[in-house]
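**Q** What follows is the residue order along each chain.
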Amino acid sequence: MNPPVLDIRGLSINYQTAIGPLQALRDVNLVVPEGKIIGIVGESGCGKSTLISAIIRLLAPNAQIGQGSVCFKGEDLLSLSPEQMRSLRGDKISMVFQDPMTSLNPVLTIGRQMSDVQYRSKSSRADKKARSVMMLERVGIPDPDTQLQRYPHHLSGGMRQRVAIAMALMAEPALLIADEPTTALDATLEVQIIHRLKELQREFGCSILFISHHLGVIAELCDEVVVMYAGEVVESGSLREVFINPKHPYTQKLLECDPARIAQPTRELPVIEGSLPDLLNLPDGCIFRERCSKATARCGTEQPLLSGDHHQAACHLLEPSP
Amino acid sequence: MSTVLTVRDLRVRYTVSRGFVDVVHGVSLDINRGETTAIVGESGSGKTTLAMALCGLVPVYGGEVCFDGEQLKRDRRNRLSPDRKRVALMFQDPLGSLNPRMTIRKALAEPFRIHRTGSQDPDGEALRLLAMVGLGDDFADRYPHQLSGGQARRVGVARALALRPDILIADEPTAGLDVSIQGEVLNLLSRLQQEMGLGILMITHNLNVVRHVADQMAIMYLGRFIEQGNSQQIFSQPRHPYTAALLSANPSPDPNAQSGQIELLGDVPSLLQRPSGCEFHTRCPRAQARCRSSFPDLTTSTGKQQFNCFFPMGE
Amino acid sequence: MTKPHGLIFHTFSGLKKDPLGMAGFVLVSIILLLTIFAPWLAPYDPLDINVHNRLSSPSAAHWLGTDQLGRDILSRVLFGGQVALKVSLIAISVSMAIGLVLGMLAGLGPRWLDRILVILFDTVRSFPTIMFALAIVALTGPSLNTVIGVIIITSIPVYARVVRTQTRALRERDFILAERAMGASTGRILRDHVLPNIAAPLFILASMDVPAVVGMEAGLSFLGLGVSPPTPSWGSILNDGYSYLRNSPWPLIAGGIPLIAVTLGFTFFGESLRDIFDPKLRRKDQ
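Residue numbers (this note's numbering), protein chains in the order written: chain C, 1 to 322; chain F, 323 to 637; chain P, 638 to 923.
I should point out that these hints are in silico values taken from the structure, not numbers from a laboratory. These numbers were taken from a predicted model, which means no experiment stands behind them. Mixed in with the good hints there might be a few duds.
[As the list claims (entries may be wrong)] Taking CB as the label site, the calculated pair distances span:
#1 F:Asp459 <-> P:Arg825: 20 to 30 angstroms
#2 F:Gln610 <-> C:Ser121: 43 to 53 angstroms
#3 F:Thr439 <-> C:Glu273: 28 to 38 angstroms
#4 P:Ile894 <-> C:Tyr151: 50 to 60 angstroms
#5 F:Asp397 <-> P:Asp751: 29 to 39 angstroms
#6 P:Arg805 <-> C:Met134: 42 to 52 angstroms
#7 F:Thr624 <-> P:Arg752: 54 to 64 angstroms
#8 F:Pro607 <-> P:Arg825: 50 to 60 angstroms
#9 C:Gln64 <-> F:Asp459: 28 to 38 angstroms
#10 C:Asp99 <-> F:Ser592: 41 to 51 angstroms
#11 P:Trp700 <-> C:Asp278: 52 to 62 angstroms
#12 C:Asp99 <-> P:Arg805: 55 to 65 angstroms
#13 P:Glu809 <-> C:Ser81: 42 to 52 angstroms
[Said to hold, decoys possible] Only pairs whose alpha carbons sit at most 20 angstroms apart, straight line, appear in this in silico SDA-like list of lysine to any residue:
#14 P:Lys723 <-> P:Leu678
#15 F:Lys428 <-> P:Arg817
#16 C:Lys253 <-> C:Thr296
#17 F:Lys407 <-> P:Phe840
#18 C:Lys198 <-> F:Ser570
#19 F:Lys395 <-> F:Gly385
#20 C:Lys92 <-> C:Leu108
#21 F:Lys428 <-> P:Lys723
#22 F:Lys428 <-> P:Ile813
#23 P:Lys654 <-> C:Pro61
We put the beta carbon where it would ideally sit given N, CA and C, even for glycine.
When you get a sec, could you build the whole thing from the sequences and use the hints?
**A** So this is what it looks like as structure tokens:
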């Protein structure tokens, strides 16, 4: 058994602000096995951006890594020097962002950018171009030779995102991190891109860490899923386990709220009462207690730990009563 | 059910260097009080332009719009002039539609100030509006950048409904919102709709939401409605192949669900070069020779479901 | 109304974090105070001639020495500051006001008006300032008012262009569209929505323009196109100092220092202001 591509243990990160430390991530554990697609589900404020920034080591200057390790193929990324980290990015670890215009330079042609991404390779210009054409074909862009000469603003949102994926996979990375890559796209495009990603993943054999708050897309694509809430991992497991049999009250509520899951049309859509806890001033006990309809007294004093074997959730109600 | 807005054959045309584009190409619909009509379509279908045209923000090239039976006139720049107190618009970007340098209190008082509706106390009205959308008084003195997406969205609702309009046009009201917050905003709109007898025109590409909140829906492609009617009927039995493809493209969060997605061929054609005949034929998996040569007439099936197709689904 | 209070508080808390900006602010304040209170602070009448004591080095009696006519340089520098202040105040406020109106018209008005105004702006800006000044002086004769007039005319296009660009950018913003959708008139939109959003950059531009204007006045006066003798102006002090450099370097130094101080002070302060008032740099809790 090969070591997991990504093994995050006990990661805790604070942001220093003028009013005190903001506890963005607390004791996060995450494993991305080789050749698997792991989804992270979470709403705004759950800490997924911080998590990704931590993995690629591009955190804001006021971020403080309290403790924990982020092991990429056995090596702790947190202990690497900036140069070592830089040599990994784009090569062994790639990213696709939500807004493809962030990863595409508006003043350079697609062809130029795709060649630039191959800067580590010693092959000739013609070879690089051929590889660019091949990658564009793989992501389903018609007439790739012509597209190489165009600029990003000539392409539609869906096409740009495909180019971004092509660029990310060019170096055949071990880990592809996709941060809400389809959130800004229409449903039909979303589906096409998800299918492509699945095919490409099977072909290249890379692992994918896929972040989204769109539950349908996660269900379509991922093998395993991790649910995050306000900086903690509250549930994790295989996709079927978590989505069919959610153990944590937050996951249960989240799935209930998704309008796609509600069979009977209704005018009174379910909501999750309350609002996110203040990360500057964490409540005692369980992080979800204030919004949980099943909370007990214990939930207000003791923090639950993840329990279970493969399908884990952090909730007192799961533990067998003493 | 009284009809408050009637649109007949509305057209919006932009002239560009290479010719012209018909962004809205002959749209007809009715909006009734107390009902929600959803307009769905992909980006570039023209739905936002349609909303802007109805609010008089872009010039109109053709067609008629009647508000409460009276035909709306056009101004010098060919824009419609609806009674702005009775038609309200909610924008897609909730934060962007608020002046970053104005407090929420001032922003909410704007409709009253603009129309000088004799309210002696615009500030008091602002607080009342905040309460209406479930936000506390402390929000009044905040600035837009201090609000979350969901809170800004609610302020948008409050501002739009300040003068108790007859129609609310909501452009992507759930865009960018977390799933748990979407429900709050939609429930709020539902409640206010019932209280005020509001007619809502909702522009969205989120079909899951449409299934729950829309009474009527219309599917837009290249500036035209290719199918429209009762939303439940359309969801259970889509007739136009594009509608069927859109509905099937919704990934379900149920891992057991069969993924029977109909994949469409190719990309949306450019508005500068509209395909001949039925404009959808370039991407339609059911297209035949007839579809390339002539445009299908309007078919009205039972229950007033309307569509334009030679070979609709279910036949 | 908490807003004006908040504005000043916000400025100061921002300045506290930026030592360079704070230094600029302090420098600017000192210069302003010295200039405003010149009549009380100056030890001598700047026009007092005392040929016996010409071109003397700094001493206890004359802190910066005397010029070629025995006039106390320090007093002349202080009063020269008054000239600089008067010129910058009038020139900047008038050109900013006119530039604001023209810029908003160009930005929000019909296309044809925009085109005409832009051509106008570019034409005026294409004249080298000195040539322009020479031409006007040939018509009207040298005077401080000529200087102010020339500076105003050449500055208007600069402000107008900035206002035009900002207005055009704002025009398409959603909140402006929202106001139009609510039925707001163009006047209301300009007054309540466009103006507040462009005012900050405009004032910052103005504060960074002060050194340029002061420099222009000094330059024109240096060439003899501005203030007529014996009125002291930093430029004329420099001019005198230049002529008598071999006899004494002090007039030159004395004329140059205030110019340098104004430039540094206003530039640091202005840049700091720009960073403070950039909404994108603002944190969520401010």
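**Q** Against this structure, judge whether each hint is valid.
**A** Each hint, compared with the structure:
1. F:Asp459 <-> P:Arg825: 20 to 30 angstroms: 26 angstroms, holds
2. F:Gln610 <-> C:Ser121: 43 to 53 angstroms: For serine 121 of chain C against glutamine 610 of chain F, whose Cβ atoms are near 48 angstroms apart, the range 43 to 53 angstroms holds.
3. F:Thr439 <-> C:Glu273: 28 to 38 angstroms: Holds, since threonine 439 of chain F and glutamate 273 of chain C (Cβ atoms, about 36 angstroms apart) stay within the stated range.
4. P:Ile894 <-> C:Tyr151: 50 to 60 angstroms: 52 angstroms, holds
5. F:Asp397 <-> P:Asp751: 29 to 39 angstroms: 20 angstroms, violated
6. P:Arg805 <-> C:Met134: 42 to 52 angstroms: 43 angstroms, holds
7. F:Thr624 <-> P:Arg752: 54 to 64 angstroms: 58 angstroms, holds
8. F:Pro607 <-> P:Arg825: 50 to 60 angstroms: 52 angstroms, holds
9. C:Gln64 <-> F:Asp459: 28 to 38 angstroms: At roughly 36 angstroms between Cβ atoms, aspartate 459 of chain F and glutamine 64 of chain C fall inside 28 to 38 angstroms, so the hint holds.
10. C:Asp99 <-> F:Ser592: 41 to 51 angstroms: Violated, since aspartate 99 of chain C and serine 592 of chain F (Cβ atoms, about 23 angstroms apart) do not stay within the stated range.
11. P:Trp700 <-> C:Asp278: 52 to 62 angstroms: Check passed, 60 angstroms falls within 52 to 62 angstroms.
12. C:Asp99 <-> P:Arg805: 55 to 65 angstroms: 24 angstroms, violated
13. P:Glu809 <-> C:Ser81: 42 to 52 angstroms: 45 angstroms, holds
14. P:Lys723 <-> P:Leu678: 18 angstroms, holds
15. F:Lys428 <-> P:Arg817: 16 angstroms, holds
16. C:Lys253 <-> C:Thr296: 17 angstroms, holds
17. F:Lys407 <-> P:Phe840: Judged against 20 angstroms, a Cα distance of about 37 angstroms means the pair is violated.
18. C:Lys198 <-> F:Ser570: 18 angstroms, holds
19. F:Lys395 <-> F:Gly385: Within the cut-off at roughly 11 angstroms; holds.
20. C:Lys92 <-> C:Leu108: This hinted pair is violated, its Cα atoms lying about 24 angstroms apart.
21. F:Lys428 <-> P:Lys723: 38 angstroms, violated
22. F:Lys428 <-> P:Ile813: 15 angstroms, holds
23. P:Lys654 <-> C:Pro61: 17 angstroms, holds
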